[in-house]
Each structure stands twice: as C-alpha cells, then as structure tokens.
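Visitor: Listed below, chain by chain, are the residues.
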Amino acid sequence: MGNKAKFNLYSIPYFLWIVFFVIAPILLVLYYSLFDIDGNFSLVNYKNFFTPVYLMMTLNSFWYAFLITFFSLLFAYPTAYLLTKTKHKQLWLLLIIVPSWINLLLKAYAFLGIFGTYGAANKFLETIGIGSKQILFTDFSFIFVSVYIFIPFMILPIFNALNKLNPTFMDAANDLGASTWTTFRRVIFPLTLDGVKSGCQVVFIPALSLFMLTRLISGNRVITLGTAIEQHFLVIQDWGMGSTIAVFLIIFMFLIMALTGARKRGV
Amino acid sequence: MKKKLSPVSSLFLVLIFFILYAPIFFLIFYSFNSGGTMFNFESFTLDWYRELFGDTRLLIIVLNTLVIALLSALISTIIGVIGALYIHSVKKRQTKSTFLSLNSVLIVSPDVIIGASFLILFTMAGIKLGFYSVLLAHIAFSVPIVVLMVLPKLMEMSPTYIDAARDLGASSIGVLTKVILPYITPGIFAGFFMALTYSLDDFAVTFFVTGNGFSTLSVEIYSLARRGVSLNINALSSLLFLFTVILVVGYYFITKRSTKSGGMGVRK
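If you read the sequences in order, they're chains H and A.
Under full-length UniProt numbering, think of the first position of the first sequence as 1, with each following residue one higher.
Under full-length UniProt numbering, think of the first position of the second sequence as 1, with each following residue one higher.
What the hints contain is simulated information worked out from the structure, not anything from laboratory work.
Treat each hint with caution, since some may be false.
[Unchecked claim] Lysine-lysine pairs mimicking DSS-like chemistry, simulated, CA-CA at most 30 angstroms apart: (1) 92(A) with 197(H); (2) 96(A) with 197(H); (3) 96(A) with 164(H).
Owing to the predicted nature of the structure, the values given are computational and were not obtained by experimental measurement.
Go ahead and model the full structure; you've got the sequences and the hints to work with.
Guide: If you want it as structure tokens, here you go:
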C-alpha cells in the first residue's frame, strides 16, 4: 500500500492516454453532434436521424451485419469444432489466424480479381455449366467477402471455448444415452455459449461500421453506418451529422455489448 | 476423443482452408503474369516486382509505414506496460473494473468511430494532419491491446516473489526491474508484436487522420484498388504475405519458447 503514490507518478502517461484518447474523443463526438452544418448549435441532426432516409440506412446496416454474423457463425462453429478434434490443433488454429494478419485491403483487392467479369469465379461457373454472372457489386459478394474477412475472429473464441470443455461431460452424456445431436444441443452448445457470444460481438460491431468493403466490393450499393460516417466526415464535410450517426453507432455498440457481454470475473 | 475425423468433416475443413488461402495465392500467382490482368495468365514475368522496386514514391510509403509501426508499437508498449502495472496495483474492485472498461473502449469501438473522433480531436488540438497525427492515432489504439497482453502475466505472478524481494531489501525500482519486468517479458513481447500488426494493418483510422501529403501502405493500396486492378499491387501483396509469414513464425517461436500455452491473438 505504501508504494501507491509512487505508482501514480509512473502512471501519468497512461492517465494522459485515457483522458485524451478515450474520454475526450467520445465527448468531442457528442459535442459536434449538436452543431448543424453551418456551425450553429441545434438539435437538427438528431431530428434528421429520425427521418426515413437515415432510419432505413440504419435498418439496412443492421440487416447486413446480422447476415454477416449469421453466416460467420454458421461456418465458424463446425470449423472450430472439427479443429479441436484434429491432431496438432494449435498449429491448425494458427493457420486459421494467419489470413487475418494479411492486410485487409489486399484481401478485398483479391476478390476484385476473383469475382470480376472474367475472374476465376465466373470461369468456374462457366465450367460447371451455369454461365457467367455479375458477381462483383452484388449483395452476395459483399456478404461473402465480409464473412471471409471476419470468420477467423468468430472461430477463435469458439475454438477456445470448445477447447476448455471437459471431455468427461460428453462421455457422461453418451453414457446416459444421449444422441450426438442431444449432446450437442444440451451439453456442448450451452457450455460454449460464451465463446459464441464474444465471437458474435467481435463480428457484429465491425460489420455495422464497414466502409471500405462497401466501396470496393459492393460499389457503393450497400450503405452501412460506417459508410455514412465516412461520407459525412470526408466527403460532404458535415461533421455534425457524421458525429450524430457516430453517437448512435456508439449507443448501438454499448447495447450489443450489454446483450452479448458474458461477464467473467477478472479479465 | 481420439476418433479420426470422418471424410465429410475432413472435406469440410479442407474446403474452409482452401477458401481462406485461395485468394491470397491467387494474388501471388497473378503477380507473375505478364498479361497485366487478373484473369488471363500469359507468361511468367518479374516485371511487376521490378516496377515496384523502381517506384520511389511507393518505397517511401513503405518506409513511412514501417517507421510508424515500429515507433507506435514501441511507445504504446511502454504506455501499455505502465497501464497494466497501474491497473494491477489497484486494489478496489470497483476502480479496477472502471479502468478495465475504459481500457477496452478503443478495442471494441469500430474503426470508423476511432478515426472520426480522432480527426475531430486533432483538428481541435491544432495538430497538423500527417506523420504525427497518424503516429499518435496508432499509439492510441495500440495501448489497450498491450495492457490486455501484459495484465494476465501480472496476475499469474505470485505476490510472494515481490514480498521475498522486499524482505531481501530490494527497492521499489529494484523490484520492478529485477522481478516484475523479467517475469512479464513474454507478455510485453506479445503486446509489442500485436501493436506492430495493428499498426501495419490499420486502414480505417489512418484513412481519417492522414493528410494530403502523407500516406501509409493500406491507404495507398486503397486508392490504387479504387482505380482498378494493377498487378503492382499483386507484387506488393506477395512481398507483404512473405513478411507476415516471417513475422508470424517468429512470433510463434518466441511465445512457444517462453510459455507452454502461448496466447495467440487475432487482429481486431
């Protein structure tokens, strides 16, 4: 206890970081959301947010984020499950994670080539007799690429949850006559729910705010909350409205965290 | 437990791995295409690499990116370690969890929010957008991940070590440098590494706070990609892929050596 004061002195850089880069930015966004485009104090931005244009956009953004999260989970869970059954599972997990360290832009760029009019995907469709289609700039390509980018973040927490699972539970369920499906539904899934929740959290929130993919892959057809913020800040230069959307995005973020927040004690 | 995977399961895994890696190898494959497109492989060429190394502007951008990454990782590691030590020293549960929540704000915030709010911050503070604004932003979003990498190490350290050191007459500084820091070194390395990859990979935040004259690799790739396919980017991506693999392997061995269960993290 006696060394408390000394630690405080050391800790000044960290406090400065909290004040200037955690608290101040949030307050500034809040502050800016109260000014209209001409710099006058008003609540017009909030009024505008509740017009059909912005509400539709929000709804749309949520719908896409939901789809992205859903498909990520759909593919991530079996992958994580099967990974825990392999030999050298840590190595395989590492191989799942490696693509997530490749620059995001490059992955998006790769799909420009693959999904292009003459790209590999269309070649494949022609070979199997479906014929070439417009793939780039559709909802499908947007969701596919987003799932591609986010799936490692979904696999990791689920893998960790499954990995911690005590195998004797499964044996017990088996011994008591549960079928594989029942064991999964009643034992495995509930016990790994925390992993699923944190996976959904780390996918859903970024999916709400994607803005680079919407431009590159969906050709501005999909407008998410992130795209709208970027547009208002960097293109229209209406920081007030941009901040207002950001305020709502922050609110949604806290709601989602509260909803999926599996509070564990400690860290 | 030691059952073999059924063929269907194996096929599923193979498919997932194929889909995960195909785009990357697709990019690398076409970086050797003399045809100039990503669909018609004409013949093998190294022209794109030659062009890449001849492009001084791009090389300067690569250098910028590396300098930003190394500096921001270094500074954020220092601040992060300090933060972890402080949070660990807090005894009251309430205060501790407040700090932990404040700490994780920047981890869970979407990049767009971080970018937009930092843009406002830097404009208000009168910091010119460019090298320093990007550096500050990168330091800021890397600090919390360092804290989260170091904190578990501090928590698993038995307090008896510190008591023993004290009893043997060590000063506070001595305890810190001779006992605590050596113990948490793996966590510090992991934090530094994560900060490095955060910085190298970041696009959204940088995109907001970078001015006209300054660019990092991600921002540059974005503006190139918006203009369409150019195999320069492919060549660049092969080199970056190689670089990432080297980093990952290096990191893997560092954590493997220092801890039995090396905590692997994913980029945000």
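Visitor: Determine for every hint whether it applies to the structure shown.
Guide: Hints, verified against the model:
{"no.": "1", "hint": "92(A) with 197(H)", "in the structure": "holds (28 angstroms)"}
{"no.": "2", "hint": "96(A) with 197(H)", "in the structure": "holds (24 angstroms)"}
{"no.": "3", "hint": "96(A) with 164(H)", "in the structure": "holds (26 angstroms)"}
Of the hints listed earlier, there is not a single one the structure fails to meet.
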